[in-house]
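Could you build all of it, start to finish, from the sequences and the hints given here?
Letter 300 of the sequence shown, counting from 1, is numbered 603 in the working numbering, and no numbers are missing.
Worth double-checking, as some hints may not be accurate.
Here are the simulated distance ranges between beta carbons [to be verified]:
1. 330 - 577: 46 to 56 Å
2. 465 - 330: 45 to 55 Å
3. 506 - 330: 35 to 45 Å
4. 534 - 389: 54 to 64 Å
5. 412 - 340: 12 to 22 Å
6. 459 - 506: 29 to 39 Å
7. 473 - 387: 49 to 59 Å
The hints are simulated quantities; they were obtained by calculation from the structure and are not laboratory data.
Where is the CB? At the ideal position from N, CA and C, for every residue including glycine.
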Amino acid sequence: MLKHSVSKTSPFTLVETEDGIHLNDSILWFDAKNRLELSFVSSASSARGKVIKQAIATDETIRLLDCLNLKTSALKCQYNRPFTIGRLKMELLPSGSILGGASLYLETDRGKLLYAPETMLQRVTTARQLQLKKAQTLVIQAAHSDPRLSFPQRRREKERFLETALAFVAKGEYPIVLCDPFSTAPEITQLLANAGIPIAVHDLIYRVNRVYESCGPKLGNYTKFSKHTKNKVIIFPMDAQLGFNLRSPLPDRPTFVIERSHDEYFPLIRLFRTVTNRFKLPVNSDGPELEQIVTQVNPKELLIFGPYAKSYALHLSGICPIVQAIYPNDQPTLL
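Right, dumping it as C-alpha cells:
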C-alpha cells in the first residue's frame, strides 16, 4: 500500500500518492493512472504511457490517448458543462496549454475546489484559452524548479525558431525538430506550414495532428515521414516514455530541440548527435504566471504538489491565508 501525506487543513482532505491525488472519502482521483476508481485526466500529456481504468476527461483528450492505443472506460465531458456524480458537482475548464487540456472545478457541501495542474496564461494557438473560476481551495503543480524564473515569451520564442528554420532552409538544409508530440508538435506544424516550409512528421505526430484538425485548429500542409523523405523539415517526438529509438530512424541533419521548460533538458547521449539549436516553448505557466493565476482564483487555501512543491510553497507564502505543500510517501521534496 502506498504511503501518503494528507493536507490536514483542507476541508477536502486531499491525499497525494505516487499515483495521483485522491479526494478522501470519495471515488474521485486526480490524474491517477492505475486505479479502479474514477480519475480525472487533465491532459493527454499527463496520462501517456499508462492505462487509465475509468476516466473523466474531454473528448479531445481521449482521442489523443487513442493515438497511443490507450483504451479506457471514459466519461467524456465538454468544457463549461457542469455534471454531477453522487455528491460531487463538477465542471471542466480549458487549461490553455494543450488540445483537450482541462482543470477540474469541484463543488461539494464542503466548498469549492479548483484542481489546475497544467495552466498556460500565454496564448497557445492550437488550444482553447485558459479559463479560471474563483474557489476556496486551489490545487496547482510545481513543475518547474525555480518559482522566480520567467520563461521566454512564447510569441518571441516561436519567432526565433521560425527565423532560424527559414535561415537553414534558405541554405538547402532541412532540420529535424524534436518536440513533445501532443502539445508542441501540432503548434510547430502550424507555424512552419503557415510560413510555406515543407514538412514531414513522424507517424504518431501525424495521428495527433489529425485529431487536432478534426477538432478545429487548421495546421496547414504536411506529409507523413518515410525513409524517402527529402527536402522537408522533419518533426519527431521527443519523449522517453514513448520508447522511440532515436538513433536509427533519424537522418543526419541539423537537429533542433524544443523543450517545454528550463528543466526539460534533453540529454545529448540519447540523440547520438549534436543539437544544433535549442528552444524553450512552455506549455505550463512559470512561477510569476502562477502567482497571477492564484490571484485570479483568490483562494483561501493554496495546495501545491509536484517535485518542487516545497520551494513554491515558501515563495508563495502569504499570497493567501493558507499555503501548503503536499507530498507522497510522507517525505517533503528536496527543493
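Hint-by-hint comparison with the structure:
1. In this structure the hint that residue 330 and residue 577 lie 46 to 56 Å apart at CB holds, the actual value being about 50 Å.
2. Between residue 465 and residue 330 the beta carbon distance is about 47 Å. The supplied range of 45 to 55 Å therefore holds.
3. Checked against the hint of 35 to 45 Å, the pair residue 506 and residue 330 passes, with Cβ atoms roughly 37 Å apart.
4. At roughly 58 Å, the beta-carbon separation of residue 534 and residue 389 lies within the given 54 to 64 Å, and the hint holds.
5. At roughly 20 Å, the beta carbons of residue 412 and residue 340 sit within the given window of 12 to 22 Å.
6. Roughly 31 Å separates the CB atoms of residue 459 and residue 506, a value that falls within the hinted 29 to 39 Å.
7. With their beta carbons about 57 Å apart, residue 473 and residue 387 fall inside the hinted range of 49 to 59 Å.
Hint check: no violations occur; every hint is consistent with the structure.
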